[in-house]
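Visitor: Each chain is listed here by its residues.
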Amino acid sequence: NAGVTQTPKFQVLKTGQSMTLQCAQDMNHNSMYWYRQDPGMGLRLIYYSASEGTTDKGEVPNGYNVSRLNKREFSLRLESAAPSQTSVYFCASTDRGLYNEQFFGPGTRLTVL
Amino acid sequence: QKEVEQNSGPLSVPEGAIASLNCTYSDRGSQSFFWYRQYSGKSPELIMSIYSNGDKEDGRFTAQLNKASQYVSLLIRDSQPSDSATYLCAVITNAGKSTFGDGTTLTVKP
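Protein chains in written order, with the working numbering: chain A, 1 to 113; chain B, 1 to 110.
Bound-form chain A, shown alone (with noise of 0.2 Å):
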């Protein structure tokens, strides 16, 4: 099992441009999420879906949308990137509902200059 991948690993966008960042997990978990980790802090909570065909808000929102494209898939994107959005990403994924461990994958790391 690959666990949950993330593409690309690294990219450089420059302000006002979009892209999407892929998340698939081959757990058969029912929750992911997306995070953002900026520099000596924590994780911070972009959106989540709780099983397939739901989405929610987490603490930072804005400027993101998300799809959940089937049980595997979650996908973020980024409509109009600024530098305020340069950080690195994680998705994460987890079985048995919203209160249990989460499995992470390797983060994208993105620029926005």
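Hints are supplied without guarantee of correctness; some may be wrong.
[Said to hold, decoys possible] Lysine to aspartate or glutamate pairs mimicking EDC-like chemistry, simulated, CA-CA at most 20 Å apart:
no.: 1; chain 1: B; residue 1: K97; chain 2: A; residue 2: D95
no.: 2; chain 1: B; residue 1: K42; chain 2: A; residue 2: E101
no.: 3; chain 1: A; residue 1: K57; chain 2: B; residue 2: D27
no.: 4; chain 1: B; residue 1: K2; chain 2: A; residue 2: D38
no.: 5; chain 1: B; residue 1: K2; chain 2: A; residue 2: E59
no.: 6; chain 1: A; residue 1: K9; chain 2: B; residue 2: E45
Quick caveat, the hints were computed from the structure, so don't treat them as lab data.
Following the hints, complete the assembly by docking chain B onto the known chain A.
Guide: What follows is chain B alone, placed relative to chain A:
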């Protein structure tokens, strides 16, 4: 007040000592509590989970939860240089909301 607060670091201990990491949370309805370890440039990995009051031990790691005091801690016994990392406390509220602390960086000196 931040929803999840961890003791400010960095924390430095000698090899073989006990490292103590602390975390407080504000939502009294929180149900699930986790400690993750994150090496520099890597993703978080689960160290311990705890759901009920008391202690939970796993090898050199002990998690302690006190819901009345809204406090969760992680003790690392016989600390090793390989334990040097940032430790993240995570709390899941009754509504299923996931919140992380800012982390405490631990350095274990040989």
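Visitor: Does each hint fit the structure? Answer for all of them.
Guide: Structure-based check of each hint:
no.	hint	verdict
1	B:K97 with A:D95	15 Å, holds
2	B:K42 with A:E101	17 Å, holds
3	A:K57 with B:D27	18 Å, holds
4	B:K2 with A:D38	16 Å, holds
5	B:K2 with A:E59	12 Å, holds
6	A:K9 with B:E45	18 Å, holds
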